[in-house]
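Asker: Residue numbers (this note's numbering), protein chains in the order written: chain L, 1 to 112; chain Z, 1 to 107.
It is possible that part of the hints are untrue.
Claimed, not checked - The calculated PhoX-like cross-link candidates involving lysine-lysine, where the alpha carbons are at most 25 Å apart (straight line), are:
1) Z:K54 <-> L:K70
2) L:K57 <-> Z:K54
3) L:K71 <-> L:K55
4) L:K53 <-> Z:K54
5) L:K55 <-> L:K70
6) L:K18 <-> L:K57
7) L:K71 <-> Z:K94
8) L:K18 <-> L:K71
9) Z:K94 <-> L:K13
10) L:K53 <-> L:K3
11) Z:K54 <-> L:K55
12) L:K57 <-> L:K70
13) L:K70 <-> L:K53
14) Z:K54 <-> L:K3
Unchecked claim - Okay, the calculated bits of chain L under chain Z, using three or more residues with CB under 8 Å as the criterion:
15) 79-87
16) 100-112
Derived by calculation from the structure, the hints in this document are not laboratory data. Even glycine gets a Cβ: it sits at the ideal position worked out from N, Cα and C.
Each chain, letter by letter, is given below.
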Amino acid sequence: DVKVTQSSRYLVKRTGEKVFLECVQDMDHENMFWYRQDPGLGLRLIYFSYDVKMKEKGDIPEGYSVSREKKERFSLILESASTNQTSMYLCASSFFGGTEAFFGQGTRLTVV
Amino acid sequence: GIQVEQSPPDLILQEGANSTLRCNFSDSVNNLQWFHQNPWGQLINLFYIPSGTKQNGRLSATTVATERYSLLYISSSQTTDSGVYFCAVFSYDKVIFGPGTSLSVIP
């Protein structure tokens with residue numbers, strides 16, 4: 001079974017903190033993705049990566065950065081957390097070429 | 001970019017009823033998937049269906065790629081089917097989601 005694991009299920013951080021969300025997949029997938037989900041706005045792509053050290057901006061990259069130093073791990077970084085980044089964050093992975101994507105369990109981040 | 005639409009946005013069913021959810025997309029795609037988001041927020045893979053028809057128990061899906069739509073059929077619905085159903089398409093290795101259909105199955 002494909003496994004995509006996100007490091008935390010729930011997270012509470014203070015405004016201005018640097019926040020790291022980690023995602024690990026065990027299927028040797030080339031592609032990895034970070035989405036955020038908000039009521040009424042659906043799932044929006046923040047960043048994706050198609051190889052180690054490669055990244056591309058999605059629809060809403062502002063306020064976020066990413067790191068992919070190893071193929072199995074994709075990190076989302078909030079440089080200075082703000083309350084408008086309170087959201088559900090979902091990580092996914094797939095093989096290159098648009099095959100089936102698999103999602104992690106999600107991280108509910110609250111910034112206070 | 002590609003637009004993905006889903007209908008209906010909301011659906012309320014009596015337990016045991018059947019339903020059809022629709023997904024339209026605006027351009028050619030490499031892949032299409034259906035997901036069910038459970039109450040804890042996790043996206044569960046239902047079907048990977050770039051074309052053709054697949055069945056899994058009470059659920060089945062059909063994608064007609066040439067006409068740019070996909071249908072998800074739920075038969076004999078159960079309360080555990082409640083939740084949000086998303087279709088998502090791949091375009092140049094990006095996964096683009098539709099807005100979802102929120103399904104409530106009442107006893």
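Asker: Of all the hints given earlier, name the ones this structure violates by number, lowest first.
Answerer: Per hint list: 1, 2, 4, 9, 11 and 15 violated.
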